[in-house]
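Visitor: Between the sequences and the hints, there should be enough to build the whole structure, so can you do that?
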Amino acid sequence: MIETIHNEKEENKLSRDDVMYGIKMAIPICIGYIPLGIASGILSQKAGLSPIEIGLLSLCVFAGSGQFITSSMLIAQSSMFSIIFTTFIVNLRHILMSSTLSQYFSKCNKKFLLFFSHEITDETFAINLMKFKEGIWNPRRALILNVVSHSTWILSNILGGVTGSIFNFNDTIINFVLTSMFICLLCLQLKRGIYILCAVISGFTAINLSLIMDNNLYVIISTLLSATLCYFIEKFIKLRKGVEYGN
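Residue numbers for the sequence shown follow this note's numbering, beginning at 1 and rising by one.
Hints in this document: simulated from the structure, not taken from any laboratory.
Keep in mind that a hint or two might mislead.
Said to hold, decoys possible - 20 Å max Cα-Cα, derived SDA-like pairs, lysine to any residue:
{"no.": "1", "residue 1": "Lys133", "residue 2": "Ile83"}
{"no.": "2", "residue 1": "Lys133", "residue 2": "Thr100"}
{"no.": "3", "residue 1": "Lys24", "residue 2": "Leu129"}
{"no.": "4", "residue 1": "Lys107", "residue 2": "Leu129"}
{"no.": "5", "residue 1": "Lys107", "residue 2": "Ile144"}
{"no.": "6", "residue 1": "Lys110", "residue 2": "Glu123"}
{"no.": "7", "residue 1": "Lys13", "residue 2": "Met97"}
{"no.": "8", "residue 1": "Lys191", "residue 2": "Arg93"}
{"no.": "9", "residue 1": "Lys131", "residue 2": "Cys230"}
{"no.": "10", "residue 1": "Lys110", "residue 2": "Asn138"}
Guide: Take a look at the structure:
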(Lines of atoms letter the chains of each structure in order from A; the text may use other names.)
(Lines give C-alpha, C1' and ligand atoms only; values in the text may rest on other atoms or scores of the structure.)
Protein backbone atom coordinates (compact mmCIF):
# COMPACT_ATOMS: atom_id res chain seq x y z
CA MET A 1 0.00 0.00 0.00
CA ILE A 2 2.75 2.44 1.03
CA GLU A 3 4.80 1.44 -2.00
CA THR A 4 1.82 2.09 -4.30
CA ILE A 5 1.31 5.59 -2.86
CA HIS A 6 5.04 6.27 -3.22
CA ASN A 7 4.97 5.20 -6.88
CA GLU A 8 1.96 7.43 -7.56
CA LYS A 9 3.78 10.41 -6.04
CA GLU A 10 6.81 9.68 -8.21
CA GLU A 11 4.59 9.55 -11.30
CA ASN A 12 3.01 12.91 -10.43
CA LYS A 13 6.35 14.58 -9.72
CA LEU A 14 7.23 17.36 -12.15
CA SER A 15 10.69 16.85 -13.66
CA ARG A 16 12.99 19.26 -15.46
CA ASP A 17 12.48 17.27 -18.67
CA ASP A 18 8.72 17.75 -18.38
CA VAL A 19 9.14 21.50 -18.00
CA MET A 20 11.61 21.90 -20.87
CA TYR A 21 9.68 19.66 -23.25
CA GLY A 22 6.40 21.39 -22.40
CA ILE A 23 7.96 24.80 -23.08
CA LYS A 24 9.48 23.54 -26.34
CA MET A 25 6.10 22.35 -27.62
CA ALA A 26 4.48 25.64 -26.57
CA ILE A 27 6.81 27.82 -28.66
CA PRO A 28 4.82 27.57 -31.95
CA ILE A 29 1.63 28.46 -30.07
CA CYS A 30 3.31 31.41 -28.35
CA ILE A 31 4.58 32.77 -31.67
CA GLY A 32 1.01 32.85 -32.94
CA TYR A 33 -0.40 34.28 -29.70
CA ILE A 34 1.91 37.30 -29.56
CA PRO A 35 0.45 39.26 -32.53
CA LEU A 36 -3.10 38.14 -31.72
CA GLY A 37 -2.66 39.06 -28.06
CA ILE A 38 -1.30 42.50 -28.90
CA ALA A 39 -4.24 43.14 -31.24
CA SER A 40 -6.64 41.92 -28.54
CA GLY A 41 -5.01 44.21 -25.97
CA ILE A 42 -5.29 47.21 -28.28
CA LEU A 43 -8.96 46.45 -28.88
CA SER A 44 -9.57 46.05 -25.13
CA GLN A 45 -7.89 49.41 -24.54
CA LYS A 46 -10.22 50.95 -27.12
CA ALA A 47 -13.10 49.50 -25.09
CA GLY A 48 -11.92 51.54 -22.09
CA LEU A 49 -10.06 48.87 -20.12
CA SER A 50 -6.81 49.64 -18.29
CA PRO A 51 -3.71 47.41 -18.70
CA ILE A 52 -4.46 45.82 -15.30
CA GLU A 53 -8.07 45.12 -16.29
CA ILE A 54 -6.88 43.72 -19.62
CA GLY A 55 -4.49 41.40 -17.78
CA LEU A 56 -7.26 40.21 -15.46
CA LEU A 57 -9.61 39.66 -18.40
CA SER A 58 -6.92 37.63 -20.18
CA LEU A 59 -6.34 35.62 -17.01
CA CYS A 60 -10.03 34.80 -16.51
CA VAL A 61 -11.01 34.38 -20.17
CA PHE A 62 -8.34 32.32 -21.94
CA ALA A 63 -10.14 32.31 -25.27
CA GLY A 64 -9.03 34.54 -28.11
CA SER A 65 -12.41 34.73 -29.77
CA GLY A 66 -14.10 35.20 -26.39
CA GLN A 67 -11.89 38.13 -25.47
CA PHE A 68 -12.27 39.76 -28.88
CA ILE A 69 -16.04 39.35 -28.55
CA THR A 70 -16.03 40.94 -25.09
CA SER A 71 -14.02 43.97 -26.20
CA SER A 72 -15.97 44.48 -29.43
CA MET A 73 -19.33 44.18 -27.70
CA LEU A 74 -18.22 46.54 -24.92
CA ILE A 75 -17.37 49.09 -27.60
CA ALA A 76 -20.80 48.52 -29.13
CA GLN A 77 -22.34 49.00 -25.64
CA SER A 78 -23.99 45.59 -25.71
CA SER A 79 -25.69 44.18 -22.63
CA MET A 80 -23.76 41.92 -20.26
CA PHE A 81 -26.18 39.09 -21.00
CA SER A 82 -25.47 39.35 -24.75
CA ILE A 83 -21.71 39.27 -24.14
CA ILE A 84 -21.86 36.25 -21.82
CA PHE A 85 -24.30 34.31 -23.99
CA THR A 86 -22.40 35.00 -27.23
CA THR A 87 -19.12 33.93 -25.62
CA PHE A 88 -20.81 30.79 -24.29
CA ILE A 89 -22.14 29.83 -27.73
CA VAL A 90 -18.82 30.48 -29.47
CA ASN A 91 -16.88 28.42 -26.92
CA LEU A 92 -19.23 25.44 -26.74
CA ARG A 93 -16.60 23.48 -28.65
CA HIS A 94 -14.53 23.42 -25.45
CA ILE A 95 -16.92 20.79 -24.09
CA LEU A 96 -15.95 18.46 -26.92
CA MET A 97 -12.25 19.22 -26.57
CA SER A 98 -12.30 18.57 -22.82
CA SER A 99 -14.20 15.31 -23.18
CA THR A 100 -11.77 14.13 -25.88
CA LEU A 101 -8.75 14.73 -23.63
CA SER A 102 -10.40 13.30 -20.50
CA GLN A 103 -9.24 9.74 -21.26
CA TYR A 104 -5.63 10.82 -20.66
CA PHE A 105 -6.35 12.38 -17.24
CA SER A 106 -8.15 9.54 -15.46
CA LYS A 107 -5.56 9.47 -12.63
CA CYS A 108 -5.55 13.24 -12.03
CA ASN A 109 -7.39 14.82 -9.10
CA LYS A 110 -10.22 17.32 -9.46
CA LYS A 111 -8.07 20.35 -8.60
CA PHE A 112 -5.68 19.50 -11.41
CA LEU A 113 -8.55 18.94 -13.84
CA LEU A 114 -10.21 22.22 -12.86
CA PHE A 115 -7.02 24.18 -13.51
CA PHE A 116 -6.13 22.28 -16.68
CA SER A 117 -9.60 22.65 -18.21
CA HIS A 118 -9.39 26.43 -17.80
CA GLU A 119 -6.21 26.41 -19.91
CA ILE A 120 -7.62 24.54 -22.91
CA THR A 121 -7.75 26.38 -26.25
CA ASP A 122 -7.95 25.21 -29.86
CA GLU A 123 -4.17 25.34 -30.18
CA THR A 124 -3.23 23.69 -26.87
CA PHE A 125 -5.86 21.01 -27.47
CA ALA A 126 -4.42 20.18 -30.90
CA ILE A 127 -0.83 19.88 -29.64
CA ASN A 128 -1.77 17.95 -26.50
CA LEU A 129 -3.96 15.47 -28.37
CA MET A 130 -1.28 14.88 -31.00
CA LYS A 131 1.40 14.27 -28.36
CA PHE A 132 -0.81 12.00 -26.26
CA LYS A 133 -1.53 9.88 -29.34
CA GLU A 134 2.20 9.64 -30.02
CA GLY A 135 2.63 8.15 -26.54
CA ILE A 136 5.35 10.58 -25.46
CA TRP A 137 3.17 12.92 -23.39
CA ASN A 138 1.78 13.10 -19.88
CA PRO A 139 -0.54 15.44 -17.90
CA ARG A 140 2.42 17.35 -16.43
CA ARG A 141 3.85 18.24 -19.83
CA ALA A 142 0.37 19.11 -21.07
CA LEU A 143 -0.13 21.49 -18.14
CA ILE A 144 3.24 23.18 -18.72
CA LEU A 145 2.35 23.73 -22.38
CA ASN A 146 -0.98 25.26 -21.37
CA VAL A 147 0.47 27.53 -18.68
CA VAL A 148 3.26 28.84 -20.93
CA SER A 149 0.77 29.53 -23.72
CA HIS A 150 -1.61 31.28 -21.34
CA SER A 151 1.19 33.38 -19.84
CA THR A 152 2.20 34.50 -23.33
CA TRP A 153 -1.39 35.44 -24.08
CA ILE A 154 -1.71 37.50 -20.89
CA LEU A 155 1.59 39.35 -21.41
CA SER A 156 0.80 40.02 -25.08
CA ASN A 157 -2.58 41.47 -24.15
CA ILE A 158 -1.06 43.74 -21.52
CA LEU A 159 1.58 44.85 -24.04
CA GLY A 160 -1.18 45.59 -26.53
CA GLY A 161 -3.09 47.59 -23.92
CA VAL A 162 -0.02 49.69 -23.09
CA THR A 163 0.80 50.15 -26.78
CA GLY A 164 -2.77 51.19 -27.54
CA SER A 165 -2.65 53.86 -24.84
CA ILE A 166 0.54 55.35 -26.31
CA PHE A 167 -0.11 55.11 -30.05
CA ASN A 168 -3.28 55.81 -31.97
CA PHE A 169 -4.30 52.85 -34.14
CA ASN A 170 -6.96 52.71 -36.81
CA ASP A 171 -10.06 51.21 -35.17
CA THR A 172 -11.20 49.67 -38.44
CA ILE A 173 -8.03 47.59 -38.77
CA ILE A 174 -8.12 46.44 -35.14
CA ASN A 175 -11.82 45.57 -35.26
CA PHE A 176 -11.27 43.47 -38.39
CA VAL A 177 -8.96 41.15 -36.42
CA LEU A 178 -12.06 39.69 -34.76
CA THR A 179 -13.79 39.31 -38.11
CA SER A 180 -10.78 37.57 -39.63
CA MET A 181 -10.56 35.21 -36.63
CA PHE A 182 -14.20 34.22 -37.02
CA ILE A 183 -13.69 33.68 -40.75
CA CYS A 184 -10.81 31.30 -39.94
CA LEU A 185 -12.90 29.47 -37.33
CA LEU A 186 -15.76 29.19 -39.81
CA CYS A 187 -13.54 27.84 -42.59
CA LEU A 188 -12.16 25.17 -40.25
CA GLN A 189 -15.72 23.97 -39.58
CA LEU A 190 -16.88 23.78 -43.22
CA LYS A 191 -16.14 20.08 -43.62
CA ARG A 192 -19.68 18.92 -44.44
CA GLY A 193 -22.57 20.19 -46.51
CA ILE A 194 -24.81 20.70 -43.47
CA TYR A 195 -22.20 22.99 -41.90
CA ILE A 196 -22.02 25.09 -45.06
CA LEU A 197 -25.82 25.30 -45.13
CA CYS A 198 -25.86 26.34 -41.47
CA ALA A 199 -23.30 29.09 -42.14
CA VAL A 200 -25.29 30.41 -45.12
CA ILE A 201 -28.59 30.43 -43.20
CA SER A 202 -26.98 32.06 -40.17
CA GLY A 203 -25.30 34.76 -42.28
CA PHE A 204 -28.45 35.48 -44.29
CA THR A 205 -30.59 35.66 -41.14
CA ALA A 206 -28.09 37.85 -39.27
CA ILE A 207 -27.84 40.35 -42.14
CA ASN A 208 -31.61 40.69 -42.45
CA LEU A 209 -32.21 40.92 -38.69
CA SER A 210 -29.49 43.56 -38.33
CA LEU A 211 -31.56 45.83 -40.59
CA ILE A 212 -34.52 45.79 -38.20
CA MET A 213 -32.83 45.40 -34.79
CA ASP A 214 -30.84 48.10 -32.99
CA ASN A 215 -28.82 45.77 -30.73
CA ASN A 216 -26.59 42.72 -31.16
CA LEU A 217 -29.29 40.23 -30.20
CA TYR A 218 -29.63 39.39 -33.90
CA VAL A 219 -26.33 37.47 -33.59
CA ILE A 220 -27.78 35.19 -30.92
CA ILE A 221 -31.14 34.80 -32.67
CA SER A 222 -29.61 33.95 -36.05
CA THR A 223 -27.21 31.46 -34.43
CA LEU A 224 -29.98 29.64 -32.56
CA LEU A 225 -32.33 29.63 -35.56
CA SER A 226 -29.75 28.29 -38.01
CA ALA A 227 -28.41 25.66 -35.59
CA THR A 228 -31.91 24.44 -34.70
CA LEU A 229 -33.08 24.36 -38.31
CA CYS A 230 -29.99 22.48 -39.52
CA TYR A 231 -30.28 20.02 -36.64
CA PHE A 232 -33.76 18.99 -37.79
CA ILE A 233 -32.70 19.00 -41.45
CA GLU A 234 -29.82 16.62 -40.69
CA LYS A 235 -32.09 14.46 -38.54
CA PHE A 236 -34.66 14.27 -41.35
CA ILE A 237 -31.98 13.32 -43.90
CA LYS A 238 -30.64 10.53 -41.65
CA LEU A 239 -34.16 9.26 -41.01
CA ARG A 240 -34.95 9.25 -44.72
CA LYS A 241 -31.74 7.39 -45.54
CA GLY A 242 -32.57 4.85 -42.85
CA VAL A 243 -36.01 4.25 -44.39
CA GLU A 244 -34.49 3.87 -47.86
CA TYR A 245 -31.90 1.38 -46.61
CA GLY A 246 -34.66 -0.49 -44.79
CA ASN A 247 -36.62 -0.82 -48.01
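Visitor: Each of the hints needs a verdict: does it hold here or not?
Guide: A quick look at each hint next to the structure:
1. Lys133 x Ile83: 36 Å, violated
2. Lys133 x Thr100: With a Cα-Cα distance of about 12 Å, the restraint between Lys133 and Thr100 holds, given a limit of 20 Å.
3. Lys24 x Leu129: 16 Å, holds
4. Lys107 x Leu129: Given pair Lys107, Leu129 holds - Cα atoms ~17 Å apart, limit 20 Å.
5. Lys107 x Ile144: 17 Å, holds
6. Lys110 x Glu123: 23 Å, violated
7. Lys13 x Met97: Roughly 26 Å separates the two Cα atoms, so the pair is violated.
8. Lys191 x Arg93: Given that 20 Å is the threshold and the Cα spacing comes to 15 Å, the pair holds.
9. Lys131 x Cys230: Given that 20 Å is the threshold and the Cα spacing comes to 34 Å, the pair is violated.
10. Lys110 x Asn138: 16 Å, holds
Hints 1, 6, 7, 9, counting from the list given before, are not met by this structure.
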